[in-house]
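> Residue numbers (this note's numbering), protein chains in the order written: chain A, 1 to 358; chain B, 359 to 1004.
Just so you know, not all the hints are guaranteed correct.
Calculated lysine to aspartate or glutamate pairs in the DMTMM-like style (CA-CA distance at most 25 Å, straight line) [unchecked claim]:
no., chain 1, residue 1, chain 2, residue 2
1, B, Lys506, A, Glu124
2, A, Lys322, B, Asp944
3, B, Lys849, B, Glu879
4, A, Lys322, B, Asp424
5, B, Lys417, B, Asp441
Now the in silico label distances, taken between C-beta atoms and shown as ranges [unchecked claim]:
no., chain 1, residue 1, chain 2, residue 2, range
6, A, Gly285, B, Thr431, 30 to 38 Å
7, A, Thr299, B, Glu900, 26 to 34 Å
8, B, Ser809, A, Pro281, 54 to 62 Å
9, B, Pro914, A, Met293, 25 to 33 Å
10, B, Thr431, A, Asp23, 24 to 32 Å
FYI, nobody ran anything at the bench for these hints, they're computed from the structure. Computed from a predicted structure; not experimentally measured. Glycine residues also receive a C-beta, built at the ideal position from the N, C-alpha and C atoms.
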Amino acid sequence: MYYPEQRHTLAWATVRRERLLPDQSIGTVEARNGQYLNLRDVVARGRVPARYIFVEATGFFRLRNETELVDLMLVEIGEQVAAGQVLAGKQATKGKRLVSPVTGVIVYVGQGRIIIQETPEEIEVEAGLTGQVVGIRPNQGVVVEAFGALAQGVWGNGRRLIGPLRIEPEDGLEAIFDDTIDRPYAGSIVITRRSLKAVSLDALETQNIGGVVAPSMDAALYERALDMDVAIMLTEGFGDIRMSSYLFSLLEGFNGRQTTLDAVLPTRWDAGRPEVFINLPPKAGERPPEPRMDLTLQTGMTVRLTRAPYAGLIGQVIGLPKTPQLLDNGLRVPCAQVDLITGGKVMIPLANLEIFGK
Amino acid sequence: MFANRSGSILAADLGSVHTRLVLFDLVDGSYRLIARAEGRTTSGFPFYDVNVGLVRAVKTISEVTDRVLLNPTQRIIIPEQPDRSGVDYFVATASTGRPLRTVMLGLVPEISIASGLRAAAGTYVEIVGTFSLDDTRSEEQQVNALVKSSPDLVLITGGTEYGAMEPILQLARSVQLALLLMDRARRPVILYAGNSAIVPQIRTMFDSMTALFVAPNVRPSLEEEYLDGAQLQLGQAFDAYKATRGGGFDTIGQMSERGVLPTAQSYNLIVEYLGRAQTDHGVLAVDVGSAVSSLSAFVNGDVNTIIRTDIGLGHSAHNLFETTSLAALERWLPFPVSHDEIETYTRNKALHPESIPESLREMYIEHALLRTGIQLLVEASQPIWYNTAQPPLNVPLPSFSPIIGAGAGLTRTGSPGFTALLMLDSLQPEGIANLQVDPHGLIPVLGALASVQPEAVVQVLDSTSLESLGTSFSVSGQPRTGKAALKVKIKTENGEVVEQQVDGGNVWIYPLDSGEKAEVEIRVLSRGTSIGGKGRIKQTFEGGTAGLIFDARGRPLTLAKDARGRAGQLPLWVSQATGEPLKELDERWFAPPAKPEKEAEPEKKPAPKPEKRARRGRRGKNEEAEQETKNDKEVNELDDLRNVLS
């Protein structure tokens, strides 16, 4: 039994997704179990801890003993202060007074200093899916169940966006450069079947494009892509790899539809999966199937190939040899025989296959 | 509770990519490996639960052995029932999951911090910040950095015994302040391993704030380093951290006799056992994983383990590239490469960590990463082997036998000779060594088993459960390439006699199966060279899946400085080690790598005015359009074909 990697590309499926506050934040859940949600509904609100500012008082007041500061304090720990507000002094209105350099909360007084935490950033988590709450994660967020089309990628830059899905112009993403103030792709999620280059990222930024789904990207742009506000998802990987015709056709069919692009950044310790989800209205009495997640590799299955020279190609498993096979490079590994839809039968290491479209 | 039990044992090792499961049972009064299974670790999408992968593996073993091992709730049945369902023991180890986020604090980077880092290298940690007296940041910046890094552990070192006290207390006060500002539930554990004279003050500072571990000073004097105590405490901190994590570890921990133990601890334990069982040589085990790699060695009566979370061939492939240099990788490549090519390769490998190179070019890149990763592990281990912070340069590897390799990149080449070659290249042992591999991840599970059924470990190790590749004979010094370096005479048990001359710069393998023995007579011909200091050897040796391996390339192994030169070495050695025909390299590979386009460096690109950018965009677009049109035609033809066939 071999359980290959699975990357879902489904035109009609039931999905469940967690919508949670970031790890660092402290917050509350605002949706209840069973509640129906729209894309933009807020399911949780929280605050991200902000920077600490040290205000040195010993030198300012020429204190002989650090403990003398307590007697000079005009605000208390936990108190909200505004920038310019007096923090300490013999009197609040005259004499030598220490003022707050920032707006924030007093969190510590001691060692001859006052520590202020700047006002924390307020954050909201949107549902991102039109569906129903089927689970609550206390203080963190919810689990939403929704129906629609799903296309998973391999890499994202950590951004999430809800916007209309648009297919790139005939001449490619770079053709969106123009001199007009009309920016027809602003805020939208653009699908391109070409690899992203530096000029593509320029186009995304200057045209205020909200997100992009591309097959691949020049690896040298990795850090720049992480810094961008535009949500970026790659379906195949880094380098110059084209998007599979099947995936492009699927997404093309949803041109103009409101779409959620969750460009999850996979890390070494958290192998998250970026994805595009397009909510679709339920058909009368019909509940779409859930993605199958426990499939073993069988002959007849449609698979996607993940490594050069076949990266991104699709084929059908026509044989599963019982013994390891010798590759052209000299390695001998367990393989499947795959009939590529572009023609040709090839022997592919099992580790380089993903079950496709289940 | 389990003292009366003495039967079947199920042992699991949860790696970043693979979950391996082994069933041991008593056969004629002795423990034997009955069945094993391997599957994908399910710590990531879509399950985020390692238990799913474990259950799959258990089901595979159930099918193979026709034994019921799971109850209806998918828990392992413990103990074994009269109907032979279930097992008496279940143990588990893990190297998957996020390591301890660790902030390192010390007085001097080259002294206490360096020792602290070496102590931390003994467990699964990720260094997320370093603070020392050399730090030019203000205290405010340091405190903010410490809070933002959200560490699980702060390791405080510094001050020799009876040495500096106030500077380390000053740094510790900043940590105390940072902890004060953090939510109590998110405060890191403190491990203090500095000047013992200030332990009382350290206790006063942190005892009421968070969990505090105190270990002996890692740097009692400038010349001495003591890491064992800090490593022990770090191991305890790791266990406690893992137990609080979800992702299925809690479920597995409940079923396991000893919770979920770190995989590397098993290597430490088994290498120590093997080391103490003999006196002639040290023992070395190197495991190159997907996210984490480790090297355990028994040297001079002591065992030590280095774990590196930045060395791996899958999840950590790009971190490995960042840790090393392009030049270091190129030493192992028979063609020139660009930084971009390696960056693209390693980024993609991190996206598909389990994948296997299919092209010849990618195989060389993969193995260059593997060899470089192992060399980094050796370099990191040397200060411990030689008990000095600054080991001598170009020092040879201590005498090790056996040398054990683990991890899919090393053990799954499909050719024992190829695996042996990779081990010889990256470790460069001298003299005579038995090379072994652990393709099924037995060492991790045996280590976990040791605390439950030590006799099972001894019996399983004695029953040749590791795969022996054979015996290697490596020439020290520099034999002249193409000139006779060794004269070898092999007399097998069935009387067959083989004589062979091995030239300098070459590898020769005589296929002698595992369990078979042969009398080997070697005469070292090249002046100034030897095999482990000897010019002549006559002794009986055992074969292996590769056989008897004669490495006449010299030590240190000399690789040509240019790619053309290496193209005459590396493919030849692969061919000699595998017995496969020499694989010719594509002549186009020797073209100098293309320099990155200017446009790929956005930070250097001046911000153009919108109108100019638009014009340049169009001009660029027109130029690119021709190429795009050409490419599109090809792609469209391909896509049309796909559509017809799909």
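> Each of the hints needs a verdict: does it hold here or not?
Hint check results:
no., hint, result
1, B/Lys506 x A/Glu124, "holds (21 Å)"
2, A/Lys322 x B/Asp944, "violated (32 Å)"
3, B/Lys849 x B/Glu879, "holds (8 Å)"
4, A/Lys322 x B/Asp424, "holds (21 Å)"
5, B/Lys417 x B/Asp441, "holds (17 Å)"
6, A/Gly285 x B/Thr431: 30 to 38 Å, "holds (33 Å)"
7, A/Thr299 x B/Glu900: 26 to 34 Å, "violated (42 Å)"
8, B/Ser809 x A/Pro281: 54 to 62 Å, "holds (58 Å)"
9, B/Pro914 x A/Met293: 25 to 33 Å, "violated (50 Å)"
10, B/Thr431 x A/Asp23: 24 to 32 Å, "holds (31 Å)"
The earlier numbered hints that this structure contradicts are 2, 7 and 9.
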